[in-house]
Each structure stands twice: as C-alpha cells, then as structure tokens.
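**Q** Fit the two chains together into the complex; they arrive one by one in their own frames, and the hints show the way.
In order, the protein sequence lines correspond to chains A and P.
Each residue of the first sequence is one higher than the one before, starting from 0 at the first, in numbering that gives the first Met the number 0.
Each residue of the second sequence is one higher than the one before, starting from 0 at the first, in numbering that gives the first Met the number 0.
Not the full set, but computed from the structure, chain P residues with beta-carbon under 7 Å of chain A: (1) Ile1; (2) Lys33; (3) Trp36; (4) His82.
Which chain A residues stay away from chain P? Per the calculated CB distances, all over 12 Å, these: (5) Glu91; (6) Ala808; (7) Gly852.
Read the hints as simulated data drawn from the structure, not as lab findings.
Beta carbons: idealized from backbone N, C-alpha and C, even for Gly.
So you can see what is in the structure, the chains are spelled out below.
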Amino acid sequence: MTARRLDTGGRIDRTRQIDFRWDGKTLTGFAGDTLASALMANGESVLGRSFKYHRPRGIMSAGVEESGAIVTVGEGARREPNVKATMQELYEGLSASGQNAWPNVRFDLGAVNGLFSRFFAAGFYYKTFMGLPPFEWGHGTGLWMQYEKLIRKAAGMGTASREADPDTYDHAHGFCDLLVVGSGPAGLNAALTAAKAGRDVLLVEQDFELGGVYLNDPEAEQQRLDLVEAVRAAGVRIMTRTTAFGLYDDGTAGLLEKVTDHLSRPDPHLPRQRFWTVRAGATVLATGALERSIAFDNNDRPGVMTAASAQAYLNRFGVQPGERIVIATNNDSVYGTAAELAQAGAEVTVADYRREPSSETPTGVTVRTGMAPLSAIGKSGLQGIELAREAGTSWQKAERLDCDLLLVSGGWSPVVNLSSHRGAKPVWDAKEACFLPGETSEPIFHAGSSAGIWTREACEASGIAAAKKAMGQAADTLAPGGWTTPITPLYEVRLPNRQSKAFVDFQHDVTGDDVRLAQQEGFVSVEHLKRYTTLGMATDQGKMGNVIGLALMAEALGKDIPDVGTTRFRPPYTPVAISALSGRNVARHFKPLRRTPLHDWNLRYGATMTEAGLWHRPWYFARQGETIAEAYVREAATVRETVGICDVSSLGKIAVQGPDAAEFLNRVYTNGFAKLPVGKARYGIMLRDDGMVMDDGTTWRLGETEFLTTTTTAQAGKVMVWFDELLQTRWPDLKVHVSSVSDQWAGVSIAGPKSRETIAACLETGEDISNEALPFMGVARVRLKGGIDALIARISFSGERAYELYVPAASGEAMMDLLWPTAEALGGCLYGMEALGTLRIEKGHVTGVELDGRVTIDDAGLGKMASTKKPFIGSALRQRPELLREDRPQLVGIFPKDRSQRFNGGSILCRPGDPEGFGDGWITAVTHSPALGHWIGLGYIAGGVDAWQGTAVLANDPTRSGDVEVEIVSPHMVDPQGVRMHG
Amino acid sequence: MIRINCPFCGTRDHSEFSYGGDGSIDYPALDATKEAWHDAVFMRDNICGVQLETWHHVHGCRMWLKIERDTLTHEIHSVRPAHPGLAAALSSEQEAGQ
Numbered sequence: 000m001t002a003r004r005l006d007t008g009g010r011i012d013r014t015r016q017i018d019f020r021w022d023g024k025t026l027t028g029f030a031g032d033t034l035a036s037a038l039m040a041n042g043e044s045v046l047g048r049s050f051k052y053h054r055p056r057g058i059m060s061a062g063v064e065e066s067g068a069i070v071t072v073g074e075g076a077r078r079e080p081n082v083k084a085t086m087q088e089l090y091e092g093l094s095a096s097g098q099n100a101w102p103n104v105r106f107d108l109g110a111v112n113g114l115f116s117r118f119f120a121a122g123f124y125y126k127t128f129m130g131l132p133p134f135e136w137g138h139g140t141g142l143w144m145q146y147e148k149l150i151r152k153a154a155g156m157g158t159a160s161r162e163a164d165p166d167t168y169d170h171a172h173g174f175c176d177l178l179v180v181g182s183g184p185a186g187l188n189a190a191l192t193a194a195k196a197g198r199d200v201l202l203v204e205q206d207f208e209l210g211g212v213y214l215n216d217p218e219a220e221q222q223r224l225d226l227v228e229a230v231r232a233a234g235v236r237i238m239t240r241t242t243a244f245g246l247y248d249d250g251t252a253g254l255l256e257k258v259t260d261h262l263s264r265p266d267p268h269l270p271r272q273r274f275w276t277v278r279a280g281a282t283v284l285a286t287g288a289l290e291r292s293i294a295f296d297n298n299d300r301p302g303v304m305t306a307a308s309a310q311a312y313l314n315r316f317g318v319q320p321g322e323r324i325v326i327a328t329n330n331d332s333v334y335g336t337a338a339e340l341a342q343a344g345a346e347v348t349v350a351d352y353r354r355e356p357s358s359e360t361p362t363g364v365t366v367r368t369g370m371a372p373l374s375a376i377g378k379s380g381l382q383g384i385e386l387a388r389e390a391g392t393s394w395q396k397a398e399r400l401d402c403d404l405l406l407v408s409g410g411w412s413p414v415v416n417l418s419s420h421r422g423a424k425p426v427w428d429a430k431e432a433c434f435l436p437g438e439t440s441e442p443i444f445h446a447g448s449s450a451g452i453w454t455r456e457a458c459e460a461s462g463i464a465a466a467k468k469a470m471g472q473a474a475d476t477l478a479p480g481g482w483t484t485p486i487t488p489l490y491e492v493r494l495p496n497r498q499s500k501a502f503v504d505f506q507h508d509v510t511g512d513d514v515r516l517a518q519q520e521g522f523v524s525v526e527h528l529k530r531y532t533t534l535g536m537a538t539d540q541g542k543m544g545n546v547i548g549l550a551l552m553a554e555a556l557g558k559d560i561p562d563v564g565t566t567r568f569r570p571p572y573t574p575v576a577i578s579a580l581s582g583r584n585v586a587r588h589f590k591p592l593r594r595t596p597l598h599d600w601n602l603r604y605g606a607t608m609t610e611a612g613l614w615h616r617p618w619y620f621a622r623q624g625e626t627i628a629e630a631y632v633r634e635a636a637t638v639r640e641t642v643g644i645c646d647v648s649s650l651g652k653i654a655v656q657g658p659d660a661a662e663f664l665n666r667v668y669t670n671g672f673a674k675l676p677v678g679k680a681r682y683g684i685m686l687r688d689d690g691m692v693m694d695d696g697t698t699w700r701l702g703e704t705e706f707l708t709t710t711t712t713a714q715a716g717k718v719m720v721w722f723d724e725l726l727q728t729r730w731p732d733l734k735v736h737v738s739s740v741s742d743q744w745a746g747v748s749i750a751g752p753k754s755r756e757t758i759a760a761c762l763e764t765g766e767d768i769s770n771e772a773l774p775f776m777g778v779a780r781v782r783l784k785g786g787i788d789a790l791i792a793r794i795s796f797s798g799e800r801a802y803e804l805y806v807p808a809a810s811g812e813a814m815m816d817l818l819w820p821t822a823e824a825l826g827g828c829l830y831g832m833e834a835l836g837t838l839r840i841e842k843g844h845v846t847g848v849e850l851d852g853r854v855t856i857d858d859a860g861l862g863k864m865a866s867t868k869k870p871f872i873g874s875a876l877r878q879r880p881e882l883l884r885e886d887r888p889q890l891v892g893i894f895p896k897d898r899s900q901r902f903n904g905g906s907i908l909c910r911p912g913d914p915e916g917f918g919d920g921w922i923t924a925v926t927h928s929p930a931l932g933h934w935i936g937l938g939y940i941a942g943g944v945d946a947w948q949g950t951a952v953l954a955n956d957p958t959r960s961g962d963v964e965v966e967i968v969s970p971h972m973v974d975p976q977g978v979r980m981h982g
Numbered sequence: 000m001i002r003i004n005c006p007f008c009g010t011r012d013h014s015e016f017s018y019g020g021d022g023s024i025d026y027p028a029l030d031a032t033k034e035a036w037h038d039a040v041f042m043r044d045n046i047c048g049v050q051l052e053t054w055h056h057v058h059g060c061r062m063w064l065k066i067e068r069d070t071l072t073h074e075i076h077s078v079r080p081a082h083p084g085l086a087a088a089l090s091s092e093q094e095a096g097q
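With the rest of the complex left out, here is chain P (with noise of 0.2 Å):
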C-alpha cells in the first residue's frame, strides 16, 4: 500500500485516494483543433521512472494533488496541491514558517 502525504491532511493510505491520470498534460483551448485534443486525450508516454500524476483525495478532503511518483518502485517523490494558487499559497505559507 502506497503513502501519501496529503498537503492538507498529511500521511495517508493510498486507498483513500483515487488515481486521476497523467499530471503533466496541458489540456488545450476548448476551442482548440481536434488533433491537439487527440494528443491530449490519447498520445500518453508510457514511463519507466519518475512521473508526474495526477491523485484525488476522495475519501478525505477532496482537493486534487500533483504527485511525482516512480512507476518501479511507487517511491513517491512530491506531493503538492493540483490547484497552482492553493500550491504557491501553501509553500510561501511554510516558507514564513521557517
């Protein structure tokens, strides 16, 4: 069973979250070609290593994570909110902590 330190909640059983996908796509415009979309949706690396994912903490408060996790040995190597403003408030937040 895989650990995660949730930002919000802290350590956790990977069970109380579910696996979202691919954390680095840039999902294109709305508006955008149907050919950028097909890239987005369906071109995925199939990595051997560290990778960037997305993971929901369902069963707990919720909030969508960005999570760096190696796919051989599920060592995982950061954990930070998915949401670009709760992430950099929450860093400068420990930053004046320290």
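Same shape as in the complex, but just chain A (with noise of 0.2 Å):
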C-alpha cells in the first residue's frame, strides 16, 4: 500500500497540524483524523501482529468493525489496549503502538508460529495439552495450567497496565421519549421527524462528527448541514462519541460516552467515560451496514481492506490510500468509489464476481467480470492478486494483477446487534445475501441500511417512516435492498489442492479450514462451532467474518445458511471499559460505610476501627505500645474485673408498635412475648419458614401496645424487610406498624461489676437502678446529668452484670463525655469488637458466624426457647426428620489439650489420622481467653459434647498451622450458672 495524503479535500484540518507518536517514531497528522488516517497518511502499513499466527496486519476497515488496526493506545498507568485505531480521535501528544509483537510490529520473532500453523489449528492445544496422559482431565490440570500461561503469552491481544487507574468514570442516567441510535441519513431523518412532532428525542453517534456516510460524500455535505442545524433547532439532545453499546428491558439502552478520550490535555475535572442508563419510551435503531469480507488466501495482508473504508479515507481524511487498486466485488455498492478513486488519479480495476455487472463502468475504471479474489501475493506490502474463475462447482485460477491495494466488497451484514440483544432473532435475506433484524413485540425500530436498505433516498425516507412508527402513526415499512443488479453470494474463494490462509475471524485468527474442521468433528451446532473456534470471540466480536463462517459452516453441513442459524449477539456492541462499569464506586466509595453517632468520639479516644459489614466499628482501644492481642485481653478482663464500655449503636433496632404488636411477636419469635411485662426485656429467637435460624436479639416492652425490637448488626435490613413482609403478605389483618429507628439511637454496653455504679453516677435524679429496681432483663426510662433522656435495660452479651443504654443519636457524645470519665476513675476501660468477641465466646453466647443460616435452634444449643405451647415460624420444619437427628453438628466449646497451645478459626474437627473429607465439625470463633488464661474456641461437631466425651479430636489446618489436639466443652466455658450476670 502506497497511501499519501492529498493536498486538499476531506473533513481534515490542514491548518492544525497534530504531533503523535507510533511506536516510539513522531508522526504528523491533522484535527479530524483518527489514528488509523493519519498512520495510513504517513505510510504505515503493518499497525499489529495477529493473536496465533502473528501474521503482519494493517487496517481492514474505517470504523467500528476493524479488525486489523488493534492497537495500544497510552502510557504508564493510561496505556489501554485493544484500541481501534480507525475509531481513536487523533489528539496532541497521542502515544500509540502496535501490540501483540516483539520487538515491534515489523520484525516479530513471534511469526514463527506461522511455521507452525498446522498446529495451531482449532482446538490444538486442549486435544494436546489435556487429551494426552499425563494431562487427561482431573490429573494434568495443575500442568495444563502452567502450559495455559506460555500459550497465553505467545497468543494475547495487549496488556494492559498493572497500575490503579488514574482516571474518574461517571454514571449518568437518562430519559427520553426516542432514542435514536446513528446519526445517517436515516438516523438523522427519524431523530428530525420525532423532534418536530415534540417529542424529547436523545440522538448518540458513536463518531466524533454527526452524518455517518454523508461524511465520505463531499457532494452532500451541504444536505448533511442543513439536516443537522434542523435538528438542533428541533431541540434534539445530542451526543457524539457515545456508543449504545446494549438494548436492555422496557427500553433501557447503555450508553459509553467518551468524554476526554480525544483530549490532548483534558479539564482534571471531567470524567474520562461516562456510563449512561437511559430509559427510553422506543428505540429507532440506524446503525447502518458493516462491509463484509469473502474468504481467499491471505486475505489478511495489510494493503487489503473493505472498499467502503477507502471512500472514507479518500473523501474523509484527504488520504489516497493506493495507486494502483483492484476492487474485489459481489455487489454494485463499490462503483461508486472505484469512480472517486479514479478521479483522484488511482489506477483501478474492478474484479466483478457477477457475470453481468452494472450496465455502466465509471470512466478511468476496469472491470473484468466473473473474477474473483483467489490469492493476496506479498508480505507486509501488498504486491499483486491472483483472480480465479468459476469452472463448475469448483475455481480455476485465471489471471493476476498488480496492485497496490486490494478492496474487497463481500456485500453488507446489517447491524442488527441492538435489536438482538432483545430477542429479535435476524432473519436470513437470500436475496440481499445478509441476516436483517427480527421481530420484536418491543418498540423497537430499524430504520436504514440496518434495515437492509441500501439506497440513500430510501434510508432517509425508512428514518422517517421509523420515527413515525415509534411515535404510534402508521407508516409504511421500507423494502429492503435497492441495487441494480442483484448481489450473487460469494464466500470463500480456494482452489481443491491448494494449501491457503484463508481468514474468517481476523482478531482470532480463525480460517475457513478451522470451521470445516469443527465440522468433521462433530461441532456441527453453530453455538458450538463459535466456542470451538472462538469465530466472533475476539473483541471486535466478529463484524467482518461472522456470516462468511456461518456460510462455509452451512456448505460444511448441506445446509441454507437459515438451518445452521446464528449466535445471538449480546452486550456490548463495542468494547466497555471495567472502569466505566464500576463508575465512582471504587477504593473507599467500592461500598457504602456507614458510621455510628459515636464514630469520631471513639476516634478521638483512640480506636482501631474495623468492618462489621457496612458499619465501622472499634475493633479495639490500644494503649501506649500495645499489640491488637495485647489490647484485647486485657480489654476483656478490665470488663470482668471493673467496666467496660462498649458502642453498640449498629444494632439493628426496629420500633413495633400496634393492638396487635405483642402477638405479631409471639408468632415471628420462638418464645412467648404475648405475657412479656412492660418494663421488661426477653432475648427471642426467630427461624425462617423452612425451620432454620434467622437471627436473634433482645426486645424490650415499653408499653402495652409498644416494643423495641433490637436486631443483630448484619440481619439488621434483613429483618425489616421481613417483618414488613409478613404484615403486608401474610397477616394484613395484624394492626401493627413497624419502622427501623436503628439510626434514631446512639447506644452503648456499660458492662462489669462496677456498670451499676458508673452509671448511678451519670444519672441526673438518683433514680433507684439497684437489683431490686432493675432486675437483670429490666427496662427503665431514665435521665442522665445534662437532662438526656435514655432508654436502659439489663443486657448481658458478656456474662457480666451489663446494661445497655440508649439515648437520642445526637446525645450519644454527650453520654459518652459522662460516662467514660466515671468509668475511667472506677479503673475501667473502653472496648471493642474484638474484646466483646472474647468476652461472648468464654459465655458460649452466638453470633453470625454460628448462626450462618445452616442451623436449627437445637444446633446453636437454645432448643429450650422454642416453645411447645403455641406455633410460630417455622415451628412446623423444624420438625423435619433430618433436622432431628441426633448426630447434627451441635454448638460446643473447644479448649486445646495443651492448654498452651493455639488453634485458628475454619479448622475443621475431626479424629485423629482421619483427616479426609469433610471431618465431624469445624471452629466457628477462637480467642485468648483471660478468665481461663489459654485459648479457646466455638464450634460445631456432629452429636455435640456428650458423643464426645473422652474421645481424642483434632483440629485440622493443614494449610496454617497444622494439626492440634483439642477437647471438646461445654460452650458455656466461664460462669455457666450466670451467678455474674444476675448479681
């Protein structure tokens, strides 16, 4: 390919000259090129190494279907592969190159593979790799595995960089009555008829100029601005460089925008992408028609590219892109250009399959009809190509010519994409040789060439006809087609005895050999011949080849290329960037954190915070030079020995209020509420319908017809949810009314021997807390000093005598700024998670990771709080046989052997030299415990203590610590008769 830019025409700036780099060399181009013009402007040629074969290729194409030009685009922590250059604006300072290659795109070491070719065929490496002893499945996995990363590095498409992305990604949602999708002639017409009608139109173009083929037409360019201005006059919301890349349900289309992808020096303040949700009442689709291929040997060489594209660069950018030319054509769509390309002073020659071409031959132009493309001849420059005719059912080769670019024209695959993402199955069209799009009951409508029109008249007249359609007024529906003289299909052109590389997938390397010889084995499906030989896998998804490999599939099988049917296309049309998927949503805002109204106070007095789902809580209160394990247990003995102090505002707490409120819980929880006194507080438990745990908690009656109901922290939303569920699908009649006040309260733990009397001290009255006033489980209103309203009640998570008080969120400050001096003169200490995890497990008290949806009240040990006098949720399953049996995994406490030795939580308890499978239980929770002065463990084991007794188990890590002998307790390892908590 001898392509030189001219000295006038085409949409290019000449009087802004853009500097960029390629491949480390400082090129020159203009403002309105892409990369792909202005590398073909300056002589490059060879832009990449293909995926398996590393065969030189250049560009194939001038848009979105490239499959030739698939360059890296940026550098350092910006480099971005994959990037077509026919689709990259060309900015200031561009730095591109070409991948896949080494050293670089014009000398490979990697072409040796071409040697190899015949090893490289469609499922070489599972036959070899993993069909063979010692590879057959399940045994050479770890091997395949290694062999899996040199094949994968020998093939690969670009890296991308291994460093954050600097870059910012928006999520942007829309609305509109239309969403056009296309700015051609048709597209541009519908989005005009919708607009003046008044309907909110949203028009996205995933060019960076609105027109689509108007802008290879120099000659209707005044048509193309006049149709534009009145669509902005029309208020038609545009957007340019955003692509919908994917239809979804009830008319939500994704959009990419590219924000400052074109930028040489982009506003730090925009995002890169955008990624919008848009809802639309109809869709009028003009995603017009990608050129085809025909299959022939090296039809992949660079210099050989779709005939449409050299209109494009010719009439668009202002670059010849060869002097001597031949067009090889099906169709009647390449007179046209063969005509400009003449006249801008090519030699040109079409080589017309059809035996009776067009009536007229364009001056300066050749035609030999009956000819077809047999054989590209040169390397990295094209050189010539060998034509063949047909001689009955098979190809004779016939004559050649030099070229220095070959066009090829194998007629036109509509972009039906969009509407297949919805279902809308294409239809095969024999007569236009291409799938048009299905029928879909969606307000969905093509319009234009995507509807198989292929005149510009007609396409104009479908936009307007569509629009019509999506605004409910009748219309009639365009025929498809539009040529002269009829397209004669044409696919694959080989001679019988002649080895060839004849590609159908250029990205993946696929030829019309692989999808026979997916065929001989048996992978006669479609779907199947797609994943055998990952034909349209690539991330140009196929658009130039797909159809070519239906049809030899089709040929393959005997069959119409409707028999053998085609792939669904699904999401998305053009690459999406993770980046773009993930939005604002990364780092520190990956997920939301929610803060307790004691958050900075806990800070301020020095907190370690940690993760209890959303929720930051303190995991422990570090003294000068204290480790975490250091902390901890000196924490949970401070809380035995004195007080502690612990924020508990993460609690899920959910006000019932209601006549029926004390029966609505008598039926959701285990236990009895209906008789509970106001003034008192129960620990309840509740299961789900099919009989297993759902979650536990404390509720307080605070009047007759009032409860609050405390939840824990994770099942906190789970729980609402539930509650709201019964009361408007299950129990309507229940006059009850719940609302999570989880938020409205600040809420703390004052638990050890001296919780009484530090907050005795806070309060404002003197009220009478003693044992007789507020028994353990009691609940009292109470005032602290500074006039604070607080809720108390008698709670115990850690075995101690405890409280729990709450006050207003925004008094939780000032609590804590009375209690915690007091508690600190008392010899007290301020504690967290991890302390309050110590001070539960020596009590054998359960948490999430014991109640992990797989257990029955009986498992966690609590069988007696399930009542027999009246149902409740899940009274009725948890009855079930299998949840009976004695030998279910029970809850039990685990001490090691060694009493100084440790254990991990995860290891699983099984009996000595009997470590296979899945073992007779596992740890759930382990601490150091200060009261016994070793470590100790929670878990499950089948039976529960009373199997084990006397019986040797070990707990089993074999991928941390190893084995440890244990033995197994009752979960209740300190104060089991509760005589603290009560005092």
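**A** Put into structure tokens, the structure is as follows:
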C-alpha cells in the first residue's frame, strides 16, 4: 500500500497540525484525523500482529468493525490495549504502539508461529495438552495451568496497565421519548421527524461528527449541514462519541460516552467516560451496515481492506489509500468508490464476481467480470492479487493483477446487534445475502441500511417512517434492497488442492479450514462452532467475518444458512472498560460506609476501627505500645474485673407498635412474647419458614402496645424486610406498624461488676437502678445528667452484670462524656469488637458466624427457647426428620489439650488419623481467654459435647498451623450458672 | 433493566426493588402440618410464562407488591399492593377518580 495525503479535500483541518507518537516515532497528522487515517497518511501499513500466527496486519476498515489496526494507546497507568485505530481520534501528544509483537510489528519473532500453523488449528491446545496422558482431565490440570500461561503469552491481545486507573468515570442516567442510535441519513431524519412532532429525542452517535455516510460524500455536505442544523433547532439532544452498547428490558439502553479520550490535556474535573443508563419510550436503530470480507488466501495482508473504507479515507480524511487498486466485489456498492478513486488519480480495476454487473462502467475504471480474488501476493506490502474464475462447482486460477491496494466487498451485514440483544432473532434474506433484523413486540424500529436498505434516498425515507412508527403513527415499511443488479453471494474462493490461509475471523485468526475442521469433529451447532473455533469471540466480535463462518458451516453441512442459524448477539456492541462499569464506586466508595453516632468520639479516644458489614466499629482501643492481642485481652479482663464501655449503636432497632404488636412478636419468635410485662426485655430467636435460625436479639416492652426489637448488626435490614413482608403479605389483619429506628439511637453496653456504679453516677435525679429496682432483663426510662433522656435495659452479652443504654443519636457524645470519665475513675476501659468477641465466646453466646443459616435452634443449643405451647414461624418445618437427627453438628466449646497451644478459626474438627473429607465438625471462633488463661474456641461437632467425652479430636488446619489436639467442652466456658450477670 | 410501575411511587428501575418470591402461595396457618408447610415452602412451579410474584420496593416506599411478570420476556402485566386492604383502597380511589 502506497498511501499518501492529498493536498486538498477531506474534512481534516490542514491548518491544525497534530504531532503524535507511533512505536516511538513522532509522526504528524491533522485535526479531524483518526489514528488510522493519520498512520495511513504517514505510510505506516503494518500496525499489528495477529493473535495466533503473528501475521502482519494493517488497516482493514474505517470504522467500528476494524479487525486489523488494533493497537495500544497511552502510556503508564493510562495504557489501554485493543483500541481500534479507526475509532481513535487523533490528538496532540497521542502515543500509540502496535501490540502482540516483539520487538516490533515490522519484525516480530513470534511470527515463527506461522510456520507451525497446522498445530494451531481449532482445538489444538486442548487436544494436545488436556487429552493425552498425563494431561487427562482431573490429573494434568496443574501442568495445564503452566502450559496455559506460556500459550497465553504467545497469543494475547495486548496488555493492560497493571497500575491503578488514574482517571475517573461517571455513571449518569437519562430519559427520553425516543432514542435514536446512529446519525446517518436514516438516524438524522428519524430524530428530526420525532422532535418536530414534539417528542423529547436523544440522538447518539459513536463517531465524533454527525452524519454517518454523508461524511464520506463531499457532494452531500450541504444536505448534511442543513439536516444537522434542523435537528439542533428542533431540540434534539445530541451525544457524539457515544456508543449505545446494549439494549435491555423496557426500553433501557446502555450508553458509553467517551468524554476526554480525544483530548490532549483534559480538564481534570471531567470524567474520562460516562456510563449512561437511558430509559427510552421507543428506540430507532439507524445503526448502518458493515461491509463483509471474502475468505481467500492471504485475505488478511496489510493492503487489503473494505471498499467503503477507501471512500472514507479518500473523501473524509484526504488520504489516497493506493495508486494501483483492485476492487473485488460481488455487489453494486463499490462502483461509486471506484469512480472517485480513479478520479483522484489511481489506476482502478474492478474484479466483479458477477457475470453481468452494473451496466455503467465508470470513467477510468477497468471492469473484469466473473472474477473473484484467489490469493493476495506480498507479505508486509501488497504486490498483487491472483484472480480465479468459476469452473463448474470449483475454481480455477485466472490471472494475476499487480496492485498496492486490494479492496474487498463481499456484501453488507446490517448492524442488527442491538435488536438481537432484545431477543429479536435476525432473519436471513437470501436475495440481499444478509441477516435482517428480526421481529420484536417491543417499540424498537430499525431504519436505513440496518434494515437492509441500500440507497440513500430510501434510507432517509425509512428514518422518517421509523420515527412515525415509534410515535404510534401509521407509516409504510420500506423494502430492503435497492441495488440495480442483485448481489451474488460469495463467501470463499479456494482451489481444491492448494493450501491456503483464508481468514474468516481476522482478530482471532480463525480460517475457513478451522470451520471445516470443527464440522468434521462434530461441532455442527453454530453455538459449538463459535466456542470451538472462537469465531467471533474477539474484541471485535467478528463484525467483518461472522457471516462467512456461518456460510462455510452451512456449505460443509450441506444446508442453507438459515438452517444453520446465527448466534445471538450479546452486549456490549463494542468493548466497555471495567472502570466505566464501576464508575465512582471504587476504593473507599466501593461500598457505602456506615458510621455510628459515636464514630468520631471513638476515634478521638484511640479506637482502631474494623469493618462489620457496612459499619465501621471500634476493633480495640490500644494503649501506648500495645498490640491488638495485648489490647483485647486487657479490655476483656478489665470488663470482668471492673467495667467496660462498648459502642453497640450498630445493632438493628425496630419499633414494633400497635394493638397486635405482642401477637405479632409471639408469632415471629420461637419463645413467648404475649405475656412479656411492660418494663421487661426478653431474648428471642426467630426462625425462617424452613425451620432454620434467622436472627436473634432482645425485645424490650416499653408499653402495652409498644416494643423495641433489636437485631444483630448484620441482619438488621433483612429482619426489617421480613417484618414488612409478614405484615403486608401474610397477616394483613394484624394491626401493627414497624419502623426502623436503628439510626435514631446511640447505644452503648456498659458491662462489668462496676457497671451499675458507673451509670448511677451519671443519672440526673438518682433513679433507683439497684438489683431490686432494675433486675436482670429489666427495662426503664432514665434521665442522664444534662437532661439526656435515655432507655436502659439490663442485658448481658458478656456474661457480666451489664446494661445497654440508648440515648437519641445527637446526644451520643454527651452520654460518652458523662460515662467515660466515671468508668475511667473506677479503673474501667473502652472496649471494641475483639474483646466483645472474647467475652461472648467465653460465655458461649452465638453470633452470625454460629447462626450461619444452616443451623437449627437445637444445633445452637437453644432448643429450650422453642415454645411447645404456641406455633411460630418455622415451628412446623423444624420438625423435619433430618433436622431432628441426634448426630447433627451441635454447638460446643473447644479447649486445646495442651493448654499452652492455640488453634485457628475455620479449622476442621476430626478424629486423629482421619483428615479426609468434611470431618466431624468445624471451629467458628477462637480467642485467648483471660478468664481461663488459655486459648478457647466455639464450633460445631456431630452429636455435640456428649458424643465426644473422652474421645480424641484434632483441629485440622492443613494450610496454616497443622493439627492441634483439642478437647470438646460445654460452650458455656465461663460462669455457666450466670451468677455474675444476675448479681 | 425491568421497569416496574409502583402504585405508590410511579415507574422505577427494578434495581430499586428486590424480588420476593412466588406470589401465588397461600401460606398455611402456623399450626398446620409440616407436610402442608413443606409444600408451601419447597414445592414451587417453574413457570415459563406469566407468573405471580412478590416484589419489595425496598429502596422506595418499602411496600410489598404483587406483580404478574412473564418469565420469558420480563414483560410486566400488572402491579398491585400485596396488602389486600391497600389494594382495595387504591382501586376504589382510582374508580372514584375516574
């Protein structure tokens, strides 16, 4: 290919020169260029190396279907692989390089793969490395993984940066009456028609200019300008550089807007891309059609490209793409291009497969009829083309033409991808030799060449008609077609006994032979063909060659194309960066962060925080020089000796109110709530319908018709949803109102022998909170100094005398400023989650790790809490025989046999010498117990404590510390009688 | 993305809602047999076509809804409050408005 920039013509601005870098060299282009057109103007023809065979590849198109000029753009953290050079706008300082080649695209050592090409046929790797000993399934997997790494390195598609993405991406939302995708003759007319009728229209165009094929036709420029002006004046919202990559249910479309990818120095406040979710009342798809290739030997050589792209390079970008040009075609669409190229000074020969092509031969163009391309000659630079003539059912070599550019038009494929996303199955049209959009009941309307309409006037009319239909008005459907002489399908040209490399999928290096091999090996379904050969699975999704693959499969099977079918297109139409999908939901914004009302106070007082679901909670409060291990053991010991204060604000809190509130709770909880007196709290367990434990917590009766239910932190949302569901769907007759009040309260647990003393000192009027006035499980309203109204309940998770004290969230810090100096003076401490865990493990109190959704109330050792006097949710199905088996895993405590040893949470419990399989149980939680002076744990083991008296048990942890001998004990490891908490 | 016309909030993205389950189930009384509960909890039809479902407008009005949805096409045929009292009140209000 001997391309050169023309002195005049095209849409580029020759007054605005742009310097850019290609493989380390500085080159020059103009404003309005794409990277591809600028590279072509600079005479760069080899731009990449192919996936498997490392064959040199160049520009094959001027658009989104590009399968050859796939390059890496940007450097460092901004390096982006697999960018289509044909879609990348040129900007000052752009830096790009060829990929999949070493040391460079012109001289690539990997090209040696081409010599061994017969080893790289479809399925080669799997057959070789996975099918033979020692690589049989299940045994050679480890070795396969090793080979796979090498294979992937040899193949590959460019590499992404390993650095964090420095750019930002936004998510945005939009609404419109009509979404028009594509701004060619059909799209502009559709948008204009609907906007004039008062509809809110959104027009999206993936290019940086509006116009579609108008942009390649200088004579249509005034018409284009007038249309664009009219569209703007009619109030159409226009988005360029925006791709509608997918259509979804109910008129939802996914758009990717490239905001700064074309800018040399973007405003740092702008996102690089925006990911739009648009809800459209109706959609007009004016997405155009893509020109197909033909499979013939070396059809992938640099210098072979689509015929229409030559027109784009000539007329839009001012580049004469070749001097001696052969155009191989089977349809009418190339003749205008041929005339324009000849007019621009090239020597043009059209090799038309049809015996009687168009009547008019353009001036300066030679036409050979009945000829088809057989083999491209020349490796990195095209030298000529061998043509073939049909002889009966076979082909015979005809003649050789010298050329530096070969343009191929094997027909046109309407872009039906977006409607296919919606399940509209494309329909094969034998007359036009293409898939047309399928039927859909959704308000989606194809227009223009995406509906197989080939003439510009008909495309314009079809845009108007589609808009009318989208508005619910009557309009004629325009018939597909429009060529003077019909297309004669042509998919592959080859001599029977000659080896050839005829590509069907350029980016994935899939050849016609691969398709036939797949058929021979039994992969006859089109879905299997796709997966076995990887046809159409590269980043270009086989836009140039899928139909050829189907045609060859049909031929191999002796069927017609519609009988072979087509695969369903899936979003995205063009690649979408993961960063755009994640938007701003990255790093600390990956998920919401919930802070308790005491968050800042905790931090001021030295808390190290940990994540508990979405919450940040104090983990431990280290004193000078303390490690976490030292801190939590001190905190837990201090609670048992004096007093500790812990932020429990994150517990779920639900106000349950109404005349039937007690009845409601009585149905939800396994134990009775109907007779709970006012001023009392009760610990309750709720089950799911299937009889498994859902959650636990305390419920406080604040009045006859008013309860405060607490849930675990983790299940707060789920329990609230469950209450809503029960009251609205199952028991609508119950007069109960539930509302989440979790965020209304700041709550602390004050635990330890001096807890009562601490609180009493903080009360404003010296209310009586003695053991008699406020016994275990008592609830009262009190007032703290400074007039802070509070709820107090005598509840213990730690096993000590303990209280939960709730004040309105805004008074949380004031409460702490009262409590903490008092507790500190009494020798107390602040404690966090780690010490909380220690205290509850010592007592055998369960949390989410024990109540993991697989355990029954009996498994958790709480069977006594299941009432036998009333039914409740789950009471029927907890009686299933499987759930009553005596050898089910049950909650136990665990001691190391040698008390100086420790073991890990997650260990499997098993008999010595029997470390296979699932074992007999598992460890859920471990801690060092200051009360006992050694490591302890909680866990589940088949049959529970009684089954393992005097039996040796191993805590098996093969990936970490190995085996530790343990003893199975009661889960109530400290103060089993509860003397301390009742005192 | 399915769009659901919540009777209280208007048409919203399905991401505001969470799927509940089979809306055609009449749950047995709490003291019913475990066989009756077994059937209600575990024995579900796998419908290809229109099915009655419960959905929760969890990021909206928090109302539970009964929705007829085509499992094949995601087309939604009807939406009403799951609470029969609310459904009745809403429909009589609509009738009064007409």
